[in-house]
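Following the hints, position chain G against chain W.
Protein chains: 2
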Amino acid sequence: MRKIGIQEIEDIAVGAALLGTGGGGDPYIGKLMAIQAIEEYGEVTLLDAEEVPDDALVVPSSMMGAPTVMLEKAPSGEEAFVAFQKLETYLGDKIYATFPIEAGGVNSMLPFALAAKLGLPVVDADGMGRAFPELQMVTFYLDGIAATPAVLADEKGNTVVLSTIDNVWTERIARAATVQMGGSAMTAMYAMKGRNLKESGVRNILKLEETIGKTIRKAKENNANPIREVVKSVKGFPLFSGKVKDINRKTESGFARGTATFEGMHENKGETLTLRFQNEHLLARTEERLLCMTPDLIAVLDAETGLPITTEGIRYGARCVVIGIPCHPKWRTEKGLATVGPKYFGYDVDYVPVEELAKEGVRS
Amino acid sequence: MRKIGIQEIEDIAVGAALLGTGGGGDPYIGKLMAIQAIEEYGEVTLLDAEEVPDDALVVPSSMMGAPTVMLEKAPSGEEAFVAFQKLETYLGDKIYATFPIEAGGVNSMLPFALAAKLGLPVVDADGMGRAFPELQMVTFYLDGIAATPAVLADEKGNTVVLSTIDNVWTERIARAATVQMGGSAMTAMYAMKGRNLKESGVRNILKLEETIGKTIRKAKENNANPIREVVKSVKGFPLFSGKVKDINRKTESGFARGTATFEGMHENKGETLTLRFQNEHLLARTEERLLCMTPDLIAVLDAETGLPITTEGIRYGARCVVIGIPCHPKWRTEKGLATVGPKYFGYDVDYVPVEELAKEGVRS
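Residue numbers (our numbering), protein chains in the order written: chain W, 1 to 364; chain G, 1 to 364.
Hints in this document: simulated from the structure, not taken from any laboratory. Misleading hints may appear alongside valid ones.
No copy labels: a pair is met if it fits in one copy or bridges any two.
[Said to hold, decoys possible] Straight-line C-alpha distance at most 25 Å; calculated SDA-like pairs for lysine to any residue:
{"hint": "1", "residue 1": "243", "residue 2": "224"}
{"hint": "2", "residue 1": "193", "residue 2": "89"}
{"hint": "3", "residue 1": "343", "residue 2": "180"}
{"hint": "4", "residue 1": "207", "residue 2": "195"}
Here chain W stands alone, though its shape is the one from the complex (with noise of 0.2 Å):
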């Protein structure tokens, strides 16, 4: 158990950006929420997910919808609160703790705003230590855990109560009702008891994030280049380093969709970097080699100061370093691939880790 401050906020935002691989909103708007709340309610208790009793109702709380649209249109945070309201009267019993359903610039952050508003610990673990865009992608589907009640609620005051057969029926019609809520909605859904998150969450995932938020942080105040340290870190390979020469994205059915491409710079000198997204970055490639693809993540760094970039934030002309990260061992299951493997997101290529693909030696 210790305490979430300021300067926690701003490092975990840095590290749970680089571990959303592009997607889990904008980190800037996590963290302005976060730390807006944490100055108005105090800092906020972080519970190693041991501390969490068995029998607790633990719950996240994150906002489901397309990033592109949390630019435009900020959570105020009471919807978070009626959602958690909602699920609580439905449930017939408190919430003990709140965690991140995903590691991302906002829905790391989420949680600790409305933690600090509540007065609840948040647990240090979530459900993929990564971002995925669909809401049956986390290792609690993995574990037979049900999404629902799954509570969803909007900036206007509407409501939705799903319940549902299984988990990929909350996706589809969850994502319908965003869409029409306006393109993003907060969430309380997979509500579990604490020994459920023991055994099917991502663990010490926001400990992994403050340390790469503060590696980034340290190099900064040096004047160094933090992207060795960073990648060191999260056991991850640089993959790419490049220029960004083409961005193409749209939002559909509630998505940012879109594909990036990079022209090599140094050692990739006359390579082409093509990197697919839907939300997150899903599959990188170059016309001779496969990279790095889901459930692994990929991560674009900034090529000089090593801070993250989320797929709304890739510009023409940016000079960017691409790394790959092995994602959590669960992921790699049968049912893992099957929920978040390259063939789900519809390109035709098996999966080969990143470790195997870097082993290949192309890479220097």
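Relative to chain W, chain G alone:
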């Protein structure tokens, strides 16, 4: 108070389909469902609105979605039951009686099927006196009665509970959810007290439907044409005699939208009638004259049997008589016309009551 058995159901189904103005679902399916339930559970008690206690909770049971989908996917009855159960749990109150939300081959019948199963009475009132495509289009909405809490249930076992800031938002979100649920869902919404139904409902609508159905049935038994008598019983106007020469229909965004054209016969020889619909018939005009428009009722009848034809039942070559019927006076108020007038549906015409259009003397 009286009992509704199989003969009454047969008659009401036909009259309801006629007042359904092309929408409200296929009368054959609705009738079958009500008859099966009455055969299994016994006759249903029909109450006059006056017989319902002011404080009793009454809830209409209806299907939402495109009638073209209902043809392929008839509700089992279980969904309606689940929707009522969920709503009772949510409200913490027992439902005293049910009633139809609108006139229509399916939506006038479903309350009888559910009532038989649950042993509830049906009240002789609905929320339209006809059928309309969107769920805020009820006389209850004109009087400020909320649609929510609104429950949707599908045949797979998914449910959605909506709580929205107004009934237009209920429509938007419920429509999107319904599309995901396969194009149709059973609903329990517009829960109200007996006094609300008395004040805001369209009363004695089932009695009128039964009269229409009986008139058509008796005429068939006597080999007579019932259209003249039907027109009289609904205080309506014959508008056009013609043969279907073109029908253009598609299901989009959960609605069956389209246009039918009729080549004039008899006194309409040389004229062409164009009929526009969105689940229900909304506008009837020739090149020269407006004949009838929403919210007044436009019914397409088989020229020989007088049986009503739904939008999805209009077939090339069919000989029809199109009739117009004045709507309930609530629809002719300012809010009524803003909600369901021709401009709401995108037709750039000012509303003129069907009796005035008929008086203009162009018709004999």
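Copy assignment of residue 193 with residue 89, given that the CA separation must stay at most 25 Å: Both: 17 Å inside a chain and 24 Å across chains, each within 25 Å.
Between the shortest in-copy and the shortest cross-copy C-alpha distance, which are at most 25 Å for residue 343 and residue 180: within, between, both, or neither? between (29 Å within a copy, 23 Å between copies)
Alpha-carbon proximity context of residue 207 and residue 195, limit 25 Å: Within one copy only: 20 Å inside, 59 Å across.
If the cut is 25 Å between Cα atoms, do residue 243 and residue 224 qualify within a copy, between copies, both or neither? Classified as within: same-chain Cα gap 20 Å, cross-chain 83 Å, threshold 25 Å.
In this structure, none of the earlier numbered hints is contradicted; all agree with it.
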